[in-house]
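Numbering (full-length UniProt numbering), first residue to last: 1 to 225.
The set of hints was computed from the structure by calculation and includes no laboratory data.
Quick caveat, the model's predicted, so the values are computed rather than measured.
A few of these clues could be false.
[Claimed, not checked] The calculated lysine-lysine pairs, modelled on BS3-like cross-linking and capped at a C-alpha distance of 25 Å, are: (1) Lys-179 to Lys-203; (2) Lys-123 to Lys-184; (3) Lys-203 to Lys-184; (4) Lys-123 to Lys-203; (5) Lys-171 to Lys-184; (6) Lys-179 to Lys-167; (7) Lys-59 to Lys-40; (8) Lys-179 to Lys-123; (9) Lys-171 to Lys-161; (10) Lys-161 to Lys-179.
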Amino acid sequence: MPYTQQDLFFYNGDGIGSEDLTDYKLCGLHPIILGDILPKADTCVNEEAKQPRYRIAQKLGFGAFSTVWLARDLLEEELPGAAPPTVRPPEVYMYSLSGGRIGSVWSREADIWAIGSIAYQIKTGCQLFLVQGDLQYQLYQALRLGGAPPEDWSEFWDLEKFCESTKGRRKPVLPVFNKDEAWKSRRPRNDPESEVFLDFIRKMVITEPERRSQIAELLGHPFLS
Numbered sequence: 001m002p003y004t005q006q007d008l009f010f011y012n013g014d015g016i017g018s019e020d021l022t023d024y025k026l027c028g029l030h031p032i033i034l035g036d037i038l039p040k041a042d043t044c045v046n047e048e049a050k051q052p053r054y055r056i057a058q059k060l061g062f063g064a065f066s067t068v069w070l071a072r073d074l075l076e077e078e079l080p081g082a083a084p085p086t087v088r089p090p091e092v093y094m095y096s097l098s099g100g101r102i103g104s105v106w107s108r109e110a111d112i113w114a115i116g117s118i119a120y121q122i123k124t125g126c127q128l129f130l131v132q133g134d135l136q137y138q139l140y141q142a143l144r145l146g147g148a149p150p151e152d153w154s155e156f157w158d159l160e161k162f163c164e165s166t167k168g169r170r171k172p173v174l175p176v177f178n179k180d181e182a183w184k185s186r187r188p189r190n191d192p193e194s195e196v197f198l199d200f201i202r203k204m205v206i207t208e209p210e211r212r213s214q215i216a217e218l219l220g221h222p223f224l225s
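Whole structure, please, built from the sequences with the hints as guidance.
Here is the structure:
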């Protein structure tokens with residue numbers, strides 16, 4: 001299908017090759033140089049005392065509204081993950097909710113979960129799970145498909161309290177996880193491959209990272225044969 005004018009705008013911008021240098025000022029644009037450590041002193045508008053933390057490593061791309069840079073977090077000694085909530089596994093949510101005390105940053109096992117989420121969306125045209133609401137609600141939706149959280153997570157996330165807080169919603173949630181029931185609603189309709197396809201996805205979408213199938217095993221799955 002050919003690109004539309006809107007597609008070209010979103011990916012390439014409006015065709016202007018340079019920015020007005022007068023926009024480089026406080027509360028405006030800031031020139032970025034590879035190796036810079038941001039935010040620069042006294043330039044963070046929302047938090048003036050914020051210390052330099054992110055070293056610019058590489059330019060990833062640009063579009064109509066922003067430029068995307070790869071930066072290394074010097075405080076956490078890592079490259080911060082930029083995965084959208086639709087492909088984020090439970091342990092990454094938990095790492096954020098616990099302030100890094102439990103769970104994990106992005107990993108090879110997280111990639112497996114993400115592959116499953118993306119494959120499902122490509123095949124069906126639908127997101128694997130809803131990402132509405134705050135981090136706790138998104139984590140709960142991921143756990144409905146991946147399975148109950150490990151017991152040691154309870155020290156940092158009170159599931160009962162979270163469920164209690166949803167009683168005012170149209171569909172309050174319960175502190176139980178029935179994976180088989182949750183996956184029934186994810187089965188593609190009128191698709192003769194639905195059973196084998198869901199089995200393929202479920203081997204990747206598992207709460208415990210160590211239980212997710214590895215790539216070599218997945219390549220031998222009947223869905224890919």
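Against the 25 Å threshold, does the CA-CA distance of Lys-203 and Lys-184 hold or violate the hint? holds, 15 Å
Under the criterion that the straight-line Cα-Cα distance not exceed 25 Å, is the pair Lys-123, Lys-203 satisfied? holds, 16 Å
Need the status of pair Lys-123, Lys-184: alpha-carbon distance at most 25 Å? At roughly 16 Å apart (the allowed maximum being 25 Å), Lys-184 and Lys-123 satisfy the hint.
25 Å Cα cutoff - pair Lys-171, Lys-184: This hinted pair holds, its Cα atoms lying about 18 Å apart.
Taking 25 Å as the top limit, are the C-alpha atoms of Lys-171 and Lys-161 close enough? holds, 16 Å
Between Lys-179 and Lys-123, is the straight-line Cα distance small enough, at 25 Å or below? Measuring from Cα to Cα gives roughly 20 Å; hence the hint holds.
Pair hint Lys-179 and Lys-203, alpha-carbon separation not exceeding 25 Å: Holds: Lys-179 and Lys-203 sit about 12 Å apart, inside 25 Å.
Distance restraint between Lys-161 and Lys-179, which requires alpha-carbon spacing of 25 Å or less: holds, 21 Å
Going straight from one Cα to the other, do Lys-179 and Lys-167 come out at no more than 25 Å? Holds, at about 22 Å.
Hint check: Lys-59 vs Lys-40, CA-CA at most 25 Å. Holds or violated? holds, 18 Å
Hint violations for this structure: none, all hints satisfied.
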